[in-house]
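Using the sequences provided together with the hints, build the complete structure.
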Amino acid sequence: MSGFEIITITFSFVVGLGMAQVLRSVGFVVREHGPFRLHWIPFLVAGIVVFFQVQFWFGLTVINSLMDHWSWPVYGLMLVLAMVIFLAAATVLPPLNKVGERDLIEDYSDRGRISLLFIAAYLLGWIGVGIVFWRPEFWQLIVVNGVWSAIALVAYRAKNVRLRSALHVALIILTIVGAQTVWTAPNLQMPMV
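For any residue, its number in our numbering is found by taking its place in the sequence shown, counting from 1, and adding 3.
Just so you know, the hints here were simulated from the structure itself, not pulled from any lab data. Heads up, some of the hints might be wrong.
Below, simulated SDA-like cross-link-like pairs (lysine to any residue); rule was C-alpha separation at most 25 Å, straight line [as the list claims (entries may be wrong)]:
(1) Lys162 to Ile117
(2) Lys162 to Gly149
(3) Lys162 to Pro98
(4) Lys162 to Ile175
(5) Lys162 to His42
(6) Lys162 to Ile176
(7) Lys162 to Leu120
(8) Lys162 to Thr178
(9) Lys162 to Val150
The following block contains the structure:
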């Protein structure tokens, strides 16, 4: 087992627990929906969280390739990012004991949209990582993550349902653009190369 594999055990526990949380919640919401209506926005945000959880592992391989050795500050930063994406996963859908009490969009609007703040914090954290391991092409990462975070913050604060829906559609589009351009792909190569 390599040193990198040992170091990533902690990250894998935290992110894996977050992924289990999202998948369990989706399963319970779909299974127990009964008298309440399902809605696309909470499922969309849950899907985005899962995407960023997977992308976190891919991003770790890039970070490892840029380092000669791991330091406590870098390890701590990556651990904080893993915890923040876990919190996004834990907050997006209603807790299992609350499933079925009210409409899914109502729960998301009242409580679940806080997950957008955690996703924004996660992406802003990756801007910090990009600055620490600066490469000239990382400016694109800073732009995409910054715009995504700004839209998420506006969506979090938006009171108008139509505006919030339009902002969530913008987040979908920006997630697709980011996945194709600046975020680490499953081939584990540095983005934008």
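Report the numbers of all earlier hints that the structure fails to satisfy, in ascending order.
none
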